[in-house]
Amino acid sequence: MKRSIFWSATAAAVGLFILPWNAWAYLDPGAGSMAIQALAAAIFTVAVFFRQIRNRVCSLFRRSSRHDKQ
Amino acid sequence: MINSKCRPECFSYRDPAGGAIRVGDAFFRRITASGWEDWRRFNDSGLAKDLVADGWLLPFGDAEKQPSGEWLAPVETLDFVSYSYEWAFGQLRDAAVLTLELLLRALEYGMTLKDASSCNVQRHRGRMIFMDHGSFTLYREGEVWAGYRQFVSHFLGPLLLMARGDRRHQLQLRNFPDGLPLDYVAGALPQRCLLSLPALVHIYGHAWFQKRLQDTADLRQPEIRPLPKKRFQILLLSLRDFLAGLKSPSESGEWSDYYEHTSYSETSFLDKQRIVRELCREVAPHRVVDLGANTGVFSRIAAETAEVVIAADVDFPAVDRLYGQLQQGAGGERIYPLQQDLCCPSPGLGVLNRERLPFLERARGDLVLGLALIHHLAIGNNWPLPLVGALFAELAPVALVEFVPKADRQVKRLLRTRRDIFPEYGRDGVLAAFGRYYRRVKTFPIAGSERELFLFDGRIE
Numbered sequence: 001m002k003r004s005i006f007w008s009a010t011a012a013a014v015g016l017f018i019l020p021w022n023a024w025a026y027l028d029p030g031a032g033s034m035a036i037q038a039l040a041a042a043i044f045t046v047a048v049f050f051r052q053i054r055n056r057v058c059s060l061f062r063r064s065s066r067h068d069k070q
Numbered sequence: 001m002i003n004s005k006c007r008p009e010c011f012s013y014r015d016p017a018g019g020a021i022r023v024g025d026a027f028f029r030r031i032t033a034s035g036w037e038d039w040r041r042f043n044d045s046g047l048a049k050d051l052v053a054d055g056w057l058l059p060f061g062d063a064e065k066q067p068s069g070e071w072l073a074p075v076e077t078l079d080f081v082s083y084s085y086e087w088a089f090g091q092l093r094d095a096a097v098l099t100l101e102l103l104l105r106a107l108e109y110g111m112t113l114k115d116a117s118s119c120n121v122q123r124h125r126g127r128m129i130f131m132d133h134g135s136f137t138l139y140r141e142g143e144v145w146a147g148y149r150q151f152v153s154h155f156l157g158p159l160l161l162m163a164r165g166d167r168r169h170q171l172q173l174r175n176f177p178d179g180l181p182l183d184y185v186a187g188a189l190p191q192r193c194l195l196s197l198p199a200l201v202h203i204y205g206h207a208w209f210q211k212r213l214q215d216t217a218d219l220r221q222p223e224i225r226p227l228p229k230k231r232f233q234i235l236l237l238s239l240r241d242f243l244a245g246l247k248s249p250s251e252s253g254e255w256s257d258y259y260e261h262t263s264y265s266e267t268s269f270l271d272k273q274r275i276v277r278e279l280c281r282e283v284a285p286h287r288v289v290d291l292g293a294n295t296g297v298f299s300r301i302a303a304e305t306a307e308v309v310i311a312a313d314v315d316f317p318a319v320d321r322l323y324g325q326l327q328q329g330a331g332g333e334r335i336y337p338l339q340q341d342l343c344c345p346s347p348g349l350g351v352l353n354r355e356r357l358p359f360l361e362r363a364r365g366d367l368v369l370g371l372a373l374i375h376h377l378a379i380g381n382n383w384p385l386p387l388v389g390a391l392f393a394e395l396a397p398v399a400l401v402e403f404v405p406k407a408d409r410q411v412k413r414l415l416r417t418r419r420d421i422f423p424e425y426g427r428d429g430v431l432a433a434f435g436r437y438y439r440r441v442k443t444f445p446i447a448g449s450e451r452e453l454f455l456f457d458g459r460i461e
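For the record, the sequence lines run as chains L and G.
Every letter in the first sequence is one number past the one before it in our numbering, and letter 47, counting from 1, is 47.
Every letter in the second sequence is one number past the one before it in our numbering, and letter 24, counting from 1, is 24.
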């Protein structure tokens, strides 16, 4: 079982480098637009991560203030 | 058997994998040999069925192989086609959100969208619907989205400019058929947008990357970092949430508060509604064009009898407000709000001037309404009355026109700051001008006012 997971992960990792990142569609995506996507995705992933932390902290405070009122 | 080798439609020619063709009044999706694998995957995966069931995708039938070696699938016909430079703010925003929702759903099925044109989405029976069945292609883990630049140019850039800059920037979409260039958007946005993370990344950063990489003399294929699927989905979700929260500019338009500030008494307004309703029933039109529709009071009345009502107005906030009301309330399925300046209606644009058709060609119907409109054309914009008649005759064989005399407050307002150089503008002048194009006329005085409704009928009895 462990071996199969190892090989699947290895295949996925190798596949990640073999497959082309740029979709050769009929549309020219443009070098700048292709280049910025990974960066934009990383920025928004971090932003979403911090937003989730903020929401959890806020919900904790909200819950405790509700308890205080009760 | 349909000859699919007829001339490709000018509105659908870019993708070698297929396109749309028109045969008479029917539309078909054409699939070439190079597009067949994606089409099969799109159908066999269940994605197509899923999207149609949710009302996100225009219904279509099975593809049949043609002697030419291509496949044709019948597609439900749209009642009316419009373009992003004519849409309400909310309509463009809803089209953007739908495109992203559709892409997120496609990713679940291992597919992606190869483009993100605003032309892929239309208003159809009360909701925005995706109509480019050939946009779906195989997704490969790690690949970047080929339609990203197009999405930003067609949707995000114009919407940001309209919301944060000037609402009228939308009209630039006429000049840039493949979306607004990012350096244009970045230059036209107010500087405070630099503080907005989506604008900073998708517009300013994107424009900077474009300039930096396009100006290079290096002809090698650029090295692109992979975009893992999970991060791609987060990128799309963040874009969707940002766009869904964008609001149209709130300032009141010139005419969107017309009914609140008009000289009409309640009696006159109700009487006008009664006459319009009765005449619509009498004419029984399938398709109505309401020119100067404002926030659509009379478009709604026309929609009680007509299947399709095109509600055109020059005022952006009025169109935005009408679209918003139609989305919230029931009964708006038959109404198509449209921003349209009759002094400069949408022309034929793009390839052979046939990629985007002119407004006057698309809007033709059975009845045209011009309520409290012709004095704006004749006096506000110096149109000779026969030209006003020609406009109506161009659009429909029956016209319902409201005549507003010079004694009316609205006409006095137009003449307040200018010399009256319109001696022909009067009841007789209007009747004579429209009489050139229409055979019969019936007149209906509006109770409690000096205004009248004229029903011009050009049909052969």
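Take the hints with a grain of salt, since some may be wrong.
Stated by the list, open to error - Reference excerpt, derived from the structure (chain L facing chain G, CB under 10 angstroms, subset only):
1. P29
2. G30
3. G32
4. M34
5. A41
6. F61
Derived from the structure by calculation, the hints contain no laboratory data.
Each residue gets a CB set at the ideal place from its N, CA and C atoms; glycine is no exception.
Results for each hint:
1. Here the hint on L/P29 is kept, as its CB sits about 4 angstroms from the closest CB of chain G, short of 10 angstroms.
2. Proximity of L/G30 to chain G holds as hinted, the smallest CB-CB distance being about 5 angstroms (cut-off 10 angstroms).
3. Interface hint status for L/G32: upheld, as the beta-carbon distance to the closest one in chain G is roughly 3 angstroms, under 10 angstroms.
4. Annotation: interface hint on L/M34 holds; nearest CB of chain G at approximately 5 angstroms, less than 10 angstroms.
5. Among the interface hints, the one on L/A41 holds; its C-beta lies about 4 angstroms from the nearest C-beta in chain G, closer than the 10 angstroms criterion.
6. This hint is violated: L/F61 has a C-beta 23 angstroms from the nearest C-beta of chain G, more than the 10 angstroms allowed.
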